[in-house]
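Using the sequences and the hints given, assemble the complete structure.
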Amino acid sequence: MKYKSLYELNNYISRQLRMALPSPIWVTAEVSSVSRNASGHCYLELVEKSVQNDNIIARQRATIWASRYNEIHSRFVNVTDSELKAGISILFCCEVQFHEVYGMSVNIIDIDPVFTVGDIQRRKIEIIKRLTEEGLIKLNSLRPLPVLPKNIAVISSNTAAGYGDFVHQLYDNNYGFAYNVTLFRSSMQGDNTETDIIAALKQIQSRMDEFDIVVMIRGGGSTTDLQAFDSEAIAREIALFPLPVIVGIGHLRDNTILDLVAARSVKTPTAAAEFILNLSLSALNTLTSLENRFSNAVTTRMVNENAKIGNLSLSIASSVNGFLVRKESMLAEYSRLLPRLSSVYLDNILSKLNVLETKVNLLNPMNLLQKGYTLTSQGGKIITCASQIVENIPMKSTFFDGEVISTPIQVDKHIQ
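The numbering used here puts the first residue of the sequence shown at 3, with every later residue one more than the last.
In case anyone wonders, no lab produced these hints; they're calculated from the structure. Computed from a predicted model, the values in this text were never measured in an experiment. Careful: at least some of the hints might be erroneous.
The calculated DSBU-like cross-link candidates involving lysine-lysine, where the alpha carbons are at most 30 Å apart (straight line), are [as the list claims (entries may be wrong)]:
(1) K383 - K361
(2) K87 - K6
(3) K126 - K140
(4) K140 - K152
(5) K126 - K269
(6) K131 - K269
(7) K87 - K126
(8) K204 - K152
(9) K51 - K131
(10) K373 - K383
(11) K152 - K269
If you want it as C-alpha cells, here you go:
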C-alpha cells in the first residue's frame with residue numbers, strides 16, 4: 003500500500019495550488035464580519051449567498067496584512083464613503099496560499115472600491131424600487147404636519163453635537179416659542195444603528211399621543227457611516243409611522259433612502275430645528291393675518307354701520323319734520339273748525355236732553371197718579387194684575403195725594 007505523509011500531502015496541495023493559481027486573482031464576495039487586532043492586521047470572513055434563497059453557499063476567511071491595510075482602507079473609505087464592514091460586497095485581489103503547517107490562507111492585496119459603490123447603489127436602487135411599488139416612498143409625507151408643534155420626539159445620540167445644536171436652536175429662538183423635547187437615545191453610526199433606531203421608533207409609537215412630530219438627527223459623526231440610513235427595515239418603519247418624521251442626518255451628498263421616505267428631509271440638525279420653528283412661525287403669521295383681517299373687517303363694518311346710522315338719522319329727522327308739519331296743519335284746521343263743531347255738537351246734545359226729559363216726565367209715576375191712576379202694592383211688591391193679589395193680606399193703594407190700606411176679601415180674576 004502506497005501512502006503519503008501529512009507533510010507530503012500538504013506540500014502537494016501547496017504545489018498544485020501554486021500551479022493552478024500562479025498569480026493573484028480577483029474575487030467577489032460579501033463581507034460577513036471584520037475585525038482588526040492590535041498588530042494592525044485585518045481579518046475578514048467572506049461569504050457567498052444563493053440568489054434563490056439567500057443561503058450561504060461558500061465561506062472563506064481572508065486577511066489584509068497591516069502593511070497593506072491602511073492604504074486599502076483609506077482608498078476604500080474615500081471612494082465609497084463607507085467603512086469596510088459586514089453586509090457590503092467587495093471585489094478584491096488576493097493571493098491564495100497553502101502552508102504545510104497553517105493550511106490555506108487568502109491574503110487580500112487590493113480592493114476595488116468602485117465595485118462596492120456600484121453594488122451599494124444597486125442595492126439602494128432595488129430597495130427604492132420595492133418601496134415605490136408598495137406605495138411607501140411618499141406615504142409618511144402624507145401625514146399632516148402639526149400646525150403648532152409643541153411636543154417633539156427626537157431620535158439621536160445624547161452625545162452627538164447635532165442634538166445639542168438642535169435643542170439650542172429650538173430653545174433659544176427669537177419668537178418666544180416653547181417646546182418640549184424628549185430624546186430617544188440611539189446609535190447613529192456603527193453596527194447597532196439600524197436596531198437602535200427601530201427600537202426608538204417603536205418606543206415613540208407606544209407613546210404616540212404624547213408627541214406631535216418625530217425628528218431623527220445626526221451630527222458630528224463620520225460621513226462614512228451613512229449606509230445604515232439606506233436601511234430598508236428603517237425605511238419601512240418610517241413610511242408606516244403614524245406621525246410625520248423629519249430626517250436631518252447631517253450630510254450634503256446624495257440623499258439616503260430615509261430622506262426619500264420621511265415626511266421632510268433637511269441637511270442638518272440645525273435645519274431640522276429651523277423647520278420646526280418655521281411651522282410655528284407660519285401659524286403665528288396666519289393668526290396675525292387673521293387678526294388683522296378681523297380688525298379691518300370690524301373697522302369697515304363699523305364705518306359702514308355708522309354711515310347707515312347717519313343716513314337713517316337724516317331720514318328719520320326728515321320724516322319726523324314732515325310728520326310734525328302735517329300734524330300741525332291738522333291741528334290748525336281742527337282749531338279753526340272746533341268752535342263751530344262744538345256749537346253744533348252742544349245744540350244736538352241739548353236737543354237730545356230735552357227729548358229725554360220729556361220722556362222721563364211722561365214716565366214719572368206722580369204724573370200718572372195726578373191723572374187718577376193708583377199704584378197698588380202688597381207685601382212690598384207692585385201689583386200689576388188681579389192674579390197677583392193674595393186674599394186676606396193687607397195691601398196699599400197709593401194716590402197722588404195719599405195712601406189707603408185695605409184687605410182684599412175676595413178676588414175675582416175672571417174680569418178681562
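Would you list, in rising numerical order, the hints stated earlier that this structure does not obey? Violated: hint 2 alone.
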